[in-house]
Structures are given as C-alpha cells and as structure tokens.
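Residue numbers (our numbering), protein chains in the order written: chain F, 823 to 1000; chain G, 106 to 566.
FYI, nobody ran anything at the bench for these hints, they're computed from the structure.
No residue lacks a Cβ here, since even glycine has one placed at the ideal position from N, Cα and C.
Chain F stretches covered by chain G per the calculated footprint, using a threshold of three residues with CB under 8 Å from any CB of chain G:
#1 896 to 903
#2 929 to 936
#3 942 to 948
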Amino acid sequence: MTAGPVYGLMAEFETPTELVHAAKGAYDAGYRKMDTYTPYPLEEAAEAIGAHHNRVSLIVLIGAMLGMIGGYSLEYWVSVVNYPLNVGGKPFHSWPAFIPVTFECAVLGASLAAVFGMLALNGLPQPYHPVFNAPNFVRASRDRFFLCIESQDPRFSISDTRKLLESFNPEEITEVPY
Amino acid sequence: MAPIEQIDVRPPKGVRPPIIGPGQTLGTITDRIAGIVLTKRTPVFWILIVAVAAAIFGMLQTAVAYLLAKGVGIWGINIPVGWGFAIVNFVWWIGIGHAGTLISAILLLFKQSWRTSINRFAEAMTIFAVMQAGLFPLIHTGRPWLAAYWLFPIPLTMGVWPQFRSPLIWDVFAVSTYFTVSFLFWGIGLIPDFATLRDSAKTLVVRRIYGMLAMGWRGSARHWNRYETAYMLLAGLATPLVLSVHSVVSLDFAVSVVPGWHTTFFPPYFVAGAIYSGFAMVLMLAIPFRYLYGMQDFITLRHLQNAAKVMLATGMIVAYAYGLEMFLGWYSQDKYELAMVSNRLHGPYSFYYYMLILCNILIPQSLWFNSVRSTPWKLFMVAVVVNTGMWLERFVIVVMSLQRDYIPSSWGMYWFTKWDVMIFVGTMGFFTLLFFIFIRLMPAISIFEMRTLLPQAKVKE
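Only chain G is shown next, with the shape it has when bound in the complex (with noise of 0.2 Å):
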C-alpha cells in the first residue's frame, strides 16, 4: 500500500478533487470493494482492532450486569441531578446517528453523487449508534423488564397504559422508528450487493449464505424499477423522519419547566447539533477506514472536504444556538433564566462549559482553511475535538441545568462514578466492534451505487 500522502494529492486550486479515482471500471470497482469481505486473510489490525474492541465491551457487559444486580445507586447520579451520564450518552449517541441518515436520504434526494460512497458505512454507523443510544434509556430504569410496560403499548392485566402526552413516550415512538426505518433503508441497499458477493464468490458456503440474503436478487429491469421506487420513497421518508427524532429528544428537556430547558429553538438547536457531531463521527470512521483499506480512489479527498464543510456549517448554527441561549436567559429578565446563565459563565462546571465554546466554536473554525480540509489526519484531530464538544454539550444542558434549579435549599452537585464512565467507554467499544464485524462481512461502500458514478455506466444516445 501507497503511504497516504502519495495518494491524497492536493489539486491546483480552484480544482475540485475527483469523486472517484481515476481508471476504475464496473469490474475494477466490483473487485475492489468485494474484495474486502470475499477474502480469506484477515488484516492484522483487524483482529488487533476487534480484540481490544470486544475487551471494552466486555467491560461494558460487566458493568451493565453489575448496575441490574445493584440498581442505579452505583452511578453518581441523585437527587437534583437525577438525569446524568445515561441521559448525556443516549442524546450524543443518538445525534451521531443523525449523519448517517442525511447522507443516505437527504443528500440523495438532492441528487448529491459524491454521497454514495460514504453512504453503505454511514447508515452503519446510524443503525450502530442508534444501537448504544437505546441501551441508556433501557438501562436507566436499573429495572428494565418493569421499564416495558410504561414505555410501550403492551395489554397487560394490570389495565396500565403510556401516557401519551409525554415526550418521553413520544421518544420511545420516535427512536424505534428511526432504529426501524434505518435499519430497513440499509438493508434494502445491500440486496443487489448481496448479489455480487453471491456471484463473485468462491466457495460454495460463502455463495449459498450471500445468496440468502440476496434473496435471488437477479438484477431484472422490472425488480429495479421497483426498487428505485421504493429506494427513493424510503430517503422521502427517513427525511422529515430524522428531523422529528432530534426534535422529539430536544423536546424532553424543552417541555419541562428547568431554567435552561424551557426554550423554543431547542429542536433546530438539536438537529444542526446532531448533524454537527455525525459528521464528525462520519470522518473519525471514513479516514482510518480508507487508509487501513486503501479505498483513497473511492473516498477520496472530495468527500472529506464536502464533510468538513457540513460540519463548518452545522458548526456555526451550533455557535448561533449557545449565543441565543445566552442572549434569551438576558432578554427574559426572568431571574431563574438570569441565575443559570451566570451560573454556565461561573458556576462550579463553568470550566466544562468553556471547554465546549473552545472544542465546538473555537478550533472547528480551523475549517476555514483548505490545508486543513484537505489533509485527513488534521481533519480526524478536529473530528474528535467535535465530537468530545459535542458531548460535552450535552453534560452542560442536563447537569448544569438540574443542579441548581428554582429553591437553593435544593442545589447540589453531580459527579460520575467509575461505572457511569465504564458503560459510556464501554458503548464505545460496542460501537467500533460491531462496526468492524460490519466491514469484514458486508460491502462497506455501496457496489451498485458506485457503478453509476462511471462515465461508461451512462446510456449514450
């Protein structure tokens, strides 16, 4: 393999980079990407990757066992500040999904070409990331086989049902359908790339388990037809779909009365904030991926720079989001919205709260420049610095916000145990170790989307 920096050339300025390298053709595309999953060596870092990725969520295993023998008394959260590290988790796990979403569906029916191939791994990631996020608020409950009832429409002889007016319950609806819409929207894709990991194989086990899930997939006008249909209405669907997710999330907090919650913008606030952290989390997979697997003709400099510029402009509206918070809590004049604001600039977690401005508005302005865009390791430093700013977000608006609400006698302070920091580390590893199963056993980049890209795939007149 090439080291990275022959690859990723810079072009002339005024020059866009390629969306796909140069000299590839419908086979050279096939066995590039198949080659990938129909291989029989598996790289080194792979199994170095996936071993240390499955110890972590080995950790995550034993401390969610040990938090449903206990209950929630081991985490550091009480009474004010009864939302801690489950709440800050789900909302940053749930928002990094949201990427992956916009990719597959709102950039397609844009018509933005350079979206598909990053699309196949980003809606991985969102069904991924989805995946932790439903685990805090299923074990938040410390009980969660007695959580069933009130979060769902079960029939059960107690006469007991959701309340419907609640937020929450609109959550439980909101991220199960997304979970489902995503998962169902991936899974439509990899049927025809199924079929080519069928046809291109070369043992018989290997043909008949792809061929399963391609389900005879034979690539008929008439089924393609179809499908497009289908594919379309589905990107249609998921669009106002992942607005409402965010949106019904910011609406836990903004129908509640909290200083600091209690605010209109919030679902705007939380959707650019979600894309914000997507796209970072989009780049934190994309640039190792395409070094390690050397896909720098598929993915190439192009998508990185069009991601930093999503993120360059989610940022900003991000950065209009913590101004008007703090422009709102003067404007009331309300003294509680008064109190939190000086309480964000100095309270006792002031120092999170300016971490935040540098990680989310200050050094994400480094976006600005080209050499930055363009080169993937100083791209990945900024991805992370988001993403850690993004979480950090979240910690500002749950904790800062409970800890000191309307009566002093009832301010306290939170801080978070080993076991709040072992199952948020822990998702961590659960994320990356399914995300690497993903990469060894399914096409990573999508096959049949990439052949339309090429010049020859088009019907000449």
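Isolated chain F (complex conformation) (with noise of 0.2 Å):
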C-alpha cells in the first residue's frame, strides 16, 4: 500500500478478452476516466471505453489542404508574378505543367500532419507518466494487457473501484501513485 495520492487502480490481466471484458464492465459501472494498455492496437479496447473516435482525418485534411495552396501558390508566383519566363511560347500560368508539385506538397503536407497531429493529440513526447510506477507495467509493451481507471473520476474510490475490479479476475491489481 502507497501513502500519498493515488493516479488510479491498474488492473493486470493475461488476455485481451478479459481486459475487454473488464473494460466494457467498468464502462458499464458508469467509469468514465480510465484507459487500457495494450501491446498492440487493440481495437476493441477503444471501443469499450468510448475512446473510439478521433480527430486525426481532420487534422490530416487541413493538412493536405494548406501543401495543396502553398504548392500551388508558390509555383503562380515563381512563373507568372516573380520570375516570368517564356518556355516554347507557352503561356506563364501553364496549370497542367503546375500539378505533379501541387500533387506532392499536398501529399508531403497531409504526411506531416498526420505524424506530428498524432503525436501533438496524444500529448507525445511525454518524459513521466505515473502510469509507469506500476511495478508489472514494463509488461504493457510485451505480453500483459492493463486497464487503470483515474482517481479523477467521479466515482472512483479505492473501495469500491477495487471491488469491481475484483469482480473481473485480474492478475493482479495494484494502486498507481502519481
């Protein structure tokens, strides 16, 4: 037993089933602060805990839209305003001529923020977490599945949280102090 605050419960279970399992009840209980950990996207895990939707695609969207303008804005300035040249006659707005660069900064755009959205969203990099001081947590990333519900909850109390989880048979269940 840790003295102190308390971040949450972590619940350590051996299979996925039984941590949706658990999920999905502590969802029903009416938790709404808590998350799973798993060693690979789980995404029946994300669902359990409501935590199913995100706002990576728009993100991404704006994304590709600003490479889209800013690529083909830059090439209208360079051929038409900045630095007009006439090649074979052709016309200085050439737009066909102007769309593999557009089509490229739209995809280097999108990829970019897909990446840094993802991580910005997530809150990554993030040095200390209190999820971590669980003693069996190193196996988060290899073969355990973990499901802690925060003591920012409402319901959460080191009683009865514990009781339900009980209910579940975890491995084990330990108090995460921040």
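Quick one: dock chain against chain with the hints and give me the complex.
So, in structure tokens, the structure goes:
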C-alpha cells in the first residue's frame, strides 16, 4: 500500500478477452476516466472505453489543403509574378504542368500533419507518466493487458473501484502513485 | 542454429506454408526480435559485413571527393551521351525503394497480413535506397552547391527561380517528398517497438536511449486509436505517392523528343519495373537476414513465395513493355524510331540489350516452378539476376537512345570510367553499411504488428 495521492487503480490481465470484458464492465458501471494499455492496437478495447473517435483525419485534411494551396501558390508566384519566363511559347500560368508539384506538396503536408498531429493529440513526447510507476507495467509493451481506472473519475473510491476490478478476476491490482 | 534445409521444409502439395512459425507467443516474439538488438554480443558475420561495407563506403567518399575537386570530366559522359551512370544508377536505386512502400502501404490497405514480418526492413530498404538515389542528382552536376538554387525554390538576391514546367523539377519535389514520407512512415512504426526495447533493456543507458526514442509511448487505447488512424492515412497517402514518384522519373525521359524516350507508356512501365527490382532487392536482403539471424519462423517460405509471385507478375508487365517498345517503334513508321529499334537489335550496344532480355525475361520464367520459389538460394540467384537486368534496362534506355539521335554527325559512343564504377559500387557499400547498422540498432521486424498475427491476440466473443 502506498501513502499519498493515487493516480488510479491498475488491473493486470493475461488475455485481451479478459481486458475487454473488464473495460466494458467498468464503462457500464459508469466509469469514464480510464484507459487500457496493450502491447498492440486493440480496437475492441478503445470501443469498450468509448474512445474510438479521433480528430486525426481532420488534421490530415487541413495539412493536405495547406500543402496543396502552398505548392500551387509558390508555382504561380514564381512562374507568373516574380520570374516569368517564356518557355516554348507556353503561357506563364501553364497550370497542367503545375499539377505534379501541387500533388507532391499536398501529400507532404498531409503526411507531416498525420504524424505530428497524432503525436500532439497523444501528448507525446511525454517524459513522465504515473502509469509507469505500476510495478509490472513494463509488460504492457510485451504480453500483458492493463486497465487503469483513474482517481479523477467522480465515481472513484479505492475500496469500491477495487471491488469492481476484483470481480473481473485480474492477475493483480495495484495502486498507482503519482 | 539448425541448418536451413531442416527448417525450410516444403509442405505437401496444395498446402501453403504458414506466415508465422508454430509455437510462438507474445513473449517469444518480443524476445526473439528484440534480442537481435539488445544482445551485448555482436555477431562475427555482422562485424565482417560492416567492415567490408565500410571499406567500400570509403571508396565512395574518395571517388566523390575527387569528383568534386575535378568535375564531371572524370566520368565517361560526353556529348551526345550527357546522361551516363549517374542517371542509370539514380533510376535503379529509386526503383528499388518502391517495393518497400508497396509492402508497407499498398499491401496494408489490401489487408495482406503476410506483409507484417517484412515491412519494417523493406521500409528501411526504401529509405536507404532513396538516399543512394538522391546522391546521384546531387553530385551529377559536379558542383552541387551551385545546383541548389535551380533545384529548390530558394530566395536569393539573384531572383532566379526553378522552372516548374520541367519534369526535372517535379522529380526534385517527388523524390524529396517520397523520402520524407517514407521516413515518417518508418519512424511512426518504430515508436511502439522502441517502447518495447525500452521496457526490455537490461542496462540504464540502453533504456534511456530507447526511452527517448519511444517518446513516452505507453500503449494507451486512446493513443493506439489515433496511431492506427494516422498509420492508415499515411498508407493511403503513400500509395498514390509511390506511383507518382516513378511516373515522374519516367517523365524526365518521356517529355523529351529523343527517339525511344518519347512514349506515353513510360510511367506504368517504369512503375512495374521499379516494383520488380524492389522485390528482387527485398529477397536479396530477406534471404541472408533470415538465415544469419535464424528468423525462419518469422520470415517463412510463404513470404519468399509471395515475393517471387509478385516478381513474376511485374516481370511479365516489364516483358510486355519491352515488346511494346519494339512494336511502337515499328507502328510509328517514323524513321528515327525505326532506327532506334534497329540500333537496339543490331547496334554497338546490342549485347547489353540481349543480356537485358536474358536477365529480365528469360531467367525469371523459372519462377513459374514451385521448386524455385521454395528454395531460398535459387530464389536469391534469380533476384540477383533480376536486379542486374533492371540496371541493364536503365543503361539501355539512357545510353542507347542518347547515343544516336537525329543527326548522324552527332552520333557517338559512351564508355564508363573507373570513377563511374567506383561511385556505383560505393553506393552499394553505403547501402549495405546503413542496412546492417539498422539491423543492429533497431528491430528489423515490426514487433507490435507481429503480435497481432497470433491467434491468442484476438478478442474472443
């Protein structure tokens, strides 16, 4: 038992099926401030805790639009405004020739938005997080499945929450200190 | 380590080999793949290979230094053949990179789960191949520091800007975007695996290094959810991108009026050839890798067979394109195109053309036989032949068309010099060096994606 403030209660499971069952049970019991930790993406776990929507796609769309507009504007400004050159009698604004670079810039903008948007929404890089204080948590990146109900949840109480988690037969339940 | 013959047992007729060996669990997958990186003992073969590759890389540095000091006159290029080895090698290397993106992005979208054990090092192969490719446009001017402002839009007091109507500028944008996106795709895939290495590391220093690279990844469901969205979108973006890159490379040729280059079917022809050579390179890397590190449980005969089938299919497209080149030359009834066809069949470089047909069309037909597709060393030999053939293809396209254009008085010959060869061989050393350093420091097989292949990783109802 640890003294001091508690980040949450962490239950450890051996199989993904047990984890998803427990996460669904906790969600049905009214808990919302919780998260699962798994060694690989588990769609069912995200659905169980009500976290299957995200805004990455929107950020990627914005990135693609900015890249597209930026690329075309650059070409237009260079070829028409700042440095007009007559090449083989083609018009200065020869838009079909501008499409490849516009496309590449759109892909570049979208890809940068996808990676950095995902990292920003996830709050990464993050040098410290309390869940790493759970003693067996190193196995979350290996072969174990964790459910953490956080003390921020209005329904959280050490004894009741522990009782609920115990009903899902976890391997172990630990209090996670801050 | 058991000899390879014992592990690679061919299953009976009609049964496909599994995509992951029997008896693996979440833990054993982690230990086997992370073990290559986390072990303190560096294998002897690794030290030997890296030593040889580093020596060849040194040769590359010497040759490039001499090139920068003297200029491109040390190469064999001349008028009329102004594009020699540099362009041949550029197209060859960039083509090799394409298979990595095909495996990591296109096969992901098609839900081909067998891609999982080869996608990580195929992506690394892409990045390192594009680095080699990028070297050639950089150095082929002989004065790269002066080339910067007509390749990239850099604001200078001269007020000079790139010519955006030129495919060569499209190429700059396509290749640099391709490199960036491949790097992002590879990097995002590595984050969860760095977290695994951080948590499995035995010493503090190693844990700190991988901890920084993992950026605090903790496998949260919310994180995975956003991660999967970003990963799928990147795959969706990389798919048209990879098709655009080699299409744009082919437009460098097709937009010109040189006989043999000025054809509309170049983009699909080049893309098929790129995937053909890329899969050959995947096999050239996967077969030694699985043997040296005993990874036959993760890269099984199934992967090798599938790669061989992709090679067979793209090889047939390439063979069709060779036929089409000849047909269009005849069908145009243009005397310069007809002369180009005749030059290929009877001209001074016809030996290279016939070697190309042998390497790229005739020998790869052996892939129709299951015994070739299921025997790693035979497959390796075919892959070497195909990559030789693909290099010859670019040599034939670049040199044989430039050598004889419209005016016979401007015809000429092209022969490479030792500096050409040193730089080309040097890039192979550089590529090998980067690849083996990657294998030692990063998980060469995606650990977290391999876990999803296990039956016990699924949620049971």
